[in-house]
Amino acid sequence: MTSSPVLLDTDESESRAQLRSARLPRVKQVSGCMTDRRPLDQYPVIRTKSVDELREAVSNIYGDHSFDVKRDAGSFHARANHCSLGKVGLSYAGYSAGARSRFPQFDAFAQQFCVSGATQATIDGRRIDVTSETSCIVGPGSDLKLEYGSDFEQLILRIDRTSLMQKLAAITGVMPADSLSFDPAQDFKDEAAASLRRIFLFFVSEFDRTKSTLPRMVLVEIEQMLMVSFLHGNRNNYSHLLVDRPRSVAPWQVRRAEAYIEANWDQPITVEALAIAAGTSARSIFHSFKQSRGYSPMAFVKQIRLQHARGMLENPGANTSVTDVAFACGFSNLGHFAKDYYSTFGVLPSHALNRAKGGGDRLPYCVNSRQGAAG
Numbered sequence: 081m082t083s084s085p086v087l088l089d090t091d092e093s094e095s096r097a098q099l100r101s102a103r104l105p106r107v108k109q110v111s112g113c114m115t116d117r118r119p120l121d122q123y124p125v126i127r128t129k130s131v132d133e134l135r136e137a138v139s140n141i142y143g144d145h146s147f148d149v150k151r152d153a154g155s156f157h158a159r160a161n162h163c164s165l166g167k168v169g170l171s172y173a174g175y176s177a178g179a180r181s182r183f184p185q186f187d188a189f190a191q192q193f194c195v196s197g198a199t200q201a202t203i204d205g206r207r208i209d210v211t212s213e214t215s216c217i218v219g220p221g222s223d224l225k226l227e228y229g230s231d232f233e234q235l236i237l238r239i240d241r242t243s244l245m246q247k248l249a250a251i252t253g254v255m256p257a258d259s260l261s262f263d264p265a266q267d268f269k270d271e272a273a274a275s276l277r278r279i280f281l282f283f284v285s286e287f288d289r290t291k292s293t294l295p296r297m298v299l300v301e302i303e304q305m306l307m308v309s310f311l312h313g314n315r316n317n318y319s320h321l322l323v324d325r326p327r328s329v330a331p332w333q334v335r336r337a338e339a340y341i342e343a344n345w346d347q348p349i350t351v352e353a354l355a356i357a358a359g360t361s362a363r364s365i366f367h368s369f370k371q372s373r374g375y376s377p378m379a380f381v382k383q384i385r386l387q388h389a390r391g392m393l394e395n396p397g398a399n400t401s402v403t404d405v406a407f408a409c410g411f412s413n414l415g416h417f418a419k420d421y422y423s424t425f426g427v428l429p430s431h432a433l434n435r436a437k438g439g440g441d442r443l444p445y446c447v448n449s450r451q452g453a454a455g
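For what it's worth, the working numbering labels the leading residue of the sequence shown as 81, then goes sequentially.
Keep in mind that the hints are not guaranteed to be accurate.
As the list claims (entries may be wrong) - In silico BS3-like pairs for lysine-lysine, Cα to Cα no more than 30 angstroms straight-line:
#	residue 1	residue 2
1	K291	K129
2	K269	K370
3	K291	K370
4	K150	K225
Said to hold, decoys possible - Here are the computed distance ranges between Cβ atoms for each label pair:
#	residue 1	residue 2	range
5	E213	S401	26 to 34 angstroms
6	Q347	D144	31 to 39 angstroms
7	E213	S430	39 to 47 angstroms
8	T211	E342	45 to 53 angstroms
9	H431	R206	55 to 63 angstroms
In short, the hints are calculated from the structure, not lab data. Only a predicted model underlies this, so the values are computations on that prediction, with no experimental measurement involved. Backbone N, C-alpha and C define an ideal beta-carbon position, used for all residues, glycine too.
Build out the structure end to end from the sequences listed, making use of the hints.
As structure tokens, then:
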């Protein structure tokens with residue numbers, strides 16, 4: 081697949097540049113010992129030298145499975161981390177010695193991203209090499225076997241089956257008649273696959289450095305971006321519906337989408353909700369929105385939220401902070417929020433807040449839903 085996901089076309093060149101800069105984390109190889117920092121260490125599951133302890137801990141996340149260390153492996157040390165967003169999970173696992181595992185009935189969709197070393201996956205009898213440039217995708221009901229090399233480290237994207245099917249139906253406007261299945265082998269030379277990896281690694285790095293608990297609105301929209309990217313980035317039996325040109329919709333349907341966004345700016349904006357509000361598929365409404373307005377629905381969402389953030393900062397309470405305002409308006413990264421705010425209003429949010437708290441008349445607050453949406 082080489083097409084760019086319509087639903088990720090937000091006209092945010094800065095965000096695109098940030099995603100392009102996402103890379104696999106560099107880790108220090110220390111055979112038999114993992115004492116330095118690893119991805120997602122803020123979300124520890126286990127650090128152990130016991131195979132039984134590791135098996136039990138991983139089973140709680142990924143279901144029943146077998147795990148054994150190879151006879152000639154020598155000393156064994158394992159580390160596992162897992163960040164659950166609800167319907168989507170981001171995991172890290174590292175093993176100092178060669179090992180084998182088997183998941184006879186996998187219960188979700190998942191994709192491996194190799195950080196270091198290599199492994200061989202066998203999915204329903206098909207062998208796939210997992211390296212820094214190749215990946216494997218497993219779906220519900222699959223028989224998954226893994227042969228890990230020594231000092232193998234991986235990141236895993238796990239997605240709930242029902243949630244991904246619902247997202248697919250909302251995007252295409254078609255309720256899948258058959259189960260969703262993916263080609264189990266993926267090569268990151270593919271543009272869409274590489275885009276998925278960048279987006280996934282970007283969010284891994286964001287969760288690595290975020291100390292605060294993110295609002296539900298932010299988490300739901302991160303889940304959505306990962307699910308949409310997963311559908312576009314990996315070949316599946318519904319890929320043709322994701323790359324065909326969507327049909328245009330009536331102007332009133334675009335206006336309905338705008339009205340929904342304006343009324344629900346402080347809630348997660350999902351493709352399911354937009355599809356219901358506009359009475360069409362998400363792909364059609366995104367396509368027509370871009371055609372008639374010159375920007376995407378998600379760019380419109382951002383500008384509406386920036387307008388509300390401006391009102392909060394210019395008319396603050398005694399305890400108002402930039403962080404609180406950013407989170408309340410759906411911005412998870414304070415640096416990105418400051419840049420977007422400055423680009424739109426010509427002042428940093430911290431300066432706007434300090435000026436408002438410094439006395440003088442409060443500025444009138446009125447949301448102009450059309451201001452700067454194309455910016």
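Okay, the hints, checked on the actual structure:
1. Restraint check for K291 and K129: satisfied, since their Cα atoms lie roughly 28 angstroms apart, inside the 30 angstroms limit.
2. Between K269 and K370 the alpha-carbon distance is near 28 angstroms, which keeps this suggested pair within the 30 angstroms criterion.
3. A threshold of 30 angstroms between alpha carbons decides the hint, and for K291 with K370 the separation of about 36 angstroms lies outside it, so the pair is violated.
4. Our distance criterion of 30 angstroms between C-alpha atoms is met by K150 and K225, whose separation comes to about 14 angstroms.
5. Against the hinted window of 26 to 34 angstroms, the Cβ-Cβ separation of E213 and S401 comes to about 43 angstroms, which falls outside the hint.
6. Here the CB-CB span from Q347 to D144 is close to 37 angstroms, well matched to the stated 31 to 39 angstroms.
7. Against the hinted window of 39 to 47 angstroms, the Cβ-Cβ separation of E213 and S430 comes to about 42 angstroms, which satisfies the hint.
8. About 47 angstroms separates the C-beta atoms of T211 and E342, a value consistent with the hinted range of 45 to 53 angstroms.
9. Checked against the hint of 55 to 63 angstroms, the C-beta distance between H431 and R206 comes to roughly 57 angstroms, which is consistent with it.
Of the numbered hints given earlier, the model fails hints 3, 5; all others are met.
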